[in-house]
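Participant: Sequences and hints are given; from them, build the entire structure.
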Amino acid sequence: MATQQDVEFKTIDGLTLRGRVLIAKEAGPGIVMCPGFNAVHQMVGLPSAALAFQQAGITALLYDPRTTGLSDGEPRNDIDPFKQIEDYSDALTFLSGHPMVDSARMGVWGMSLAGAVALCTASFDKRVRFVVGICPATQYQYSEGMLPKVLTKITKDRESQLKGNAPFYIPMLSDTGENPAGFNLGVDKEAAVRILSAQNELIPTRRALAPNHVNRTTIQSYHKLLMWNPAYMWKHLHTTPVMFVVPEFDQLVPADAQQRHFQLLPGPKKLHVQQGRGHMDILEGESLSELMKLQVEFIDDALKGRATVSTTINLDAAPADDTLRLLRPGSQASTMPSVKHDTDETPLTDTTNNNAPNAPIPPTSSAGTAIPVVSALTANLAASALSSNAFTALPSPLPPSAWPPPSPQRTRLQIAVIMTSLSAGVFVAALDVTIIATALPTIAGHFRSESGYTWIGSAYILANTATTPCWGKVSDIWGRKPILLLGLTVFFAGSVICSFAGSMGLFVAGRAVQGVGAGGLITLVNICIGDLFSLRDRGLYFGVISVVWAFASGVGPVLGGIFTERLTWRWCFYINLPITGVVFCLLYFALKLDAPETPIWEGLKAVDWTGSLLIVGSTLMLLLGLDFGGVSHPWNSATVICLLVFGICVGGLFVLNEWKVTNYPIIPLHLFRHWSGIASFSVCFCHGYVFMGDAYYMPLYFQAVLGASPLMSGVYLLPFILALTIMAALTGLYIQKTGKYIQAVYVGLVLMTLGIGLLIDLDVEANWGKLIVFQIIAGIGVGLNFEGPLLALQAISATQDVATATSTIGFVRSISTAISVVIGAVVFQNHMVREAPKLIAGLGPQVAKQLGGNAAANIGVIDALPPGQRIIARQALYQSLRMMWIMYVAFAALGLFAGLFIGVHPLSKEHKPVVLGLVRTDTNQSGVSGPPESTISQNISSGHEIIEMA
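For what it's worth, our numbering labels the leading residue of the sequence shown as 89, then goes sequentially.
Honestly, the hints are just simulated from the structure, not real lab data.
Where is the CB? At the ideal position from N, CA and C, for every residue including glycine.
Check before you lean on any hint, since a few could be wrong.
What the hints assert, rightly or not - Mimicking DSS-like on lysine-lysine, the simulated pairs with C-alpha atoms at most 27 angstroms apart in a straight line are:
no., residue 1, residue 2
1, K171, K244
2, K244, K828
3, K312, K214
4, K171, K323
5, K98, K680
6, K312, K98
7, K98, K569
8, K251, K312
9, K323, K113
10, K680, K569
11, K113, K98
Said to hold, decoys possible - Here are the computed distance ranges between Cβ atoms for each label pair:
no., residue 1, residue 2, range
12, E96, R215, 14 to 24 angstroms
13, W723, V838, 33 to 43 angstroms
14, F734, R215, 27 to 37 angstroms
15, T243, N317, 39 to 49 angstroms
16, S725, L594, 53 to 63 angstroms
17, L594, E653, 16 to 26 angstroms
Facilitator: Dropping the structure here:
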């Protein structure tokens, strides 16, 4: 087993926290460790402390607090000690499942703010057997003169955020090592220089100092510090043993103040004063070895019930080569050399009377026997306490119930208008995918282009797929609403071109423009829902969008058939023009979302143009290679081989660009580092692949094999579409009510595989019982899986990653539908080539050539054949379609297998607003959240006043 492992775990509210487990050689105790205010787990000696615990036989979990470092949480660097208390408990739950940890012998450890948080955790989580607090931040000092300005800024920031603006950030430390909000964070100038140096990417030691630390915090963090009064909770500790480690020269909480708080602890406790050390360097230097021995000794005593009330002051550091003893179940008393202590008979204060903490009483052991103790603090400790008149103690906290709501509440009417607007946008985009399914033969015949049959559908899907990943990142820069309206405008322009095209070339170009716009519409609608609603509620609204999509997909072939037979195929595109105009007006006036004022030039510079070109080029080359193979060019032709090879190579360059080069990746690669995320993408791919295959090629079966008209082929597809629509709606409602999605995913994948498999049993003659039942089963299976994979992915994504995750899964769905159409056509046409001898013998060379070249574009030829020859032609078409269904069943089964790896994650009811613009918290190549330092000043100066220094 590895001695160290990078790990992640979930909190009760659905966040993912990340860190590292240092695994002991043998099963034994476990300890959860966390750094202090806005710190990350690589800072201020924490890795050395964790390593010492590991060497002592204690498995240590060291993680970044929420909103900092590698851990998720929004807004970034918003420090909330009250939430951190709950996170400690969730970390204990995670650690208790480790095979090398005895869940009955676990404790918590914290430094600075986390030291006080650890004590609060132990007050309520009775699994905690011991607590170690390193210079616990029991109170924070602030500048009384600056406080009114800070409180005013806090209030203005809350008002600004309620309007959808980004949070207000300030540097945690200025260039001089001071906190701009006037709070004393216990950092001296030397430590400040080290922390600020860790922000400079050019300094070689950055990785060693704090690779994921960002020198900034929200102004709301100090609002929470004003309410932080942890000692009030400690009365619930009861008999849990506590070790207080106090630096002699603590710059944050004076040592005498820490002693007074220590005296409030009700149970067994140990106070250790580390001489010559300050708040930031207590875990550094030669004295660390001795300090860690004391902690290990305390933990051993606590787990064996030997903890009492005691105080120690360190003298000389122990030899560096002196090893720590291992803690094992059933181990005997320590044989480690005893530590020399200064002793004094001065009694501690009464810990049973919290109202009179300074009243002296004789100290007692946990058994009630009076024992001698060490002096509280010497005179030099009292002299070192910070007593500047510029600072004052903090007041009692306000209850969380008194906090203002985090985001504005929308009325049902507002939600209805917004969802109507978004749904209408999806409707026109989805309608355009299937409305031409029944009109394809007519359009290809109108332009007298056999190859156009494939290109009419492929141009739209190719353009849609290739550009889908770009929309999410662009909307992060300029906001959702303007980019959504841009996508709608592009779609309108494409519809105009198609409506009046006079040649196949111009028509295909119009379809490509439509595809680009539709990609933006569909992607941005899903992203907007993520911005508007909580993760739990998104299931319902994604269900609404799925219903609209399914309805448009269902009525598309019917409308296409009506327009083709009764009017003209151009009405398939005329219809988009008035609908698009109405949708534009609705979205413009009804959709209220954050629109950052990003300068055009700055935004253009931030776009990953290299990545955009690479992903578009790779997608087009791969799909064109698949499209040409076996149809217009042999598979072994130079054209096909070059397209496929270069497509793969360019795709590799795209991955390299996203990983190593760009600061604003279109598809952050850390989205693929979780098995659950990979499984979500895989299920989405297979689901889109099978769905498009059924929706696109069932009309071909109805027209080519059963001889139905374009209109009736759309009608015959309704059982599939209606089942899909109803189940998509019910699934969204089920997820919103229960917060569960995995059941729908599993059942849907099983039924989808079964339903598509049953299509293999169809025949040349119509069996309406089979047709209806088989399509209903397949439709139910497909309908159950529109929301689940996306919600599973969003559940493990940080808030700032939701847009890119949504656009990426949209890209996967788009590329799956594009590949589905192309591969389906390849399988179908290649099998028609195999049927060529039969067709030549039964129909003659000319008709056989027409059906063998592009059967789907020439099904009108079949109706002109005599009845006997018509049966031969339809039999060949049926066999080709049957081979195609077998291929789709294989992909459905693959999706079923991938679904087994989707994780079960809680769907939070809390809505977490996302920060947009170049000042938002972006994610770099390593998956570490946090913008460059330069963006902090941009955020401060963008719509906010800078807090003036007192």
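Participant: Tell me, in ascending order, the numbers of any earlier hints that this structure violates.
Facilitator: Of the numbered hints, 2, 5, 7, 9, 14, 15, 16 do not hold.
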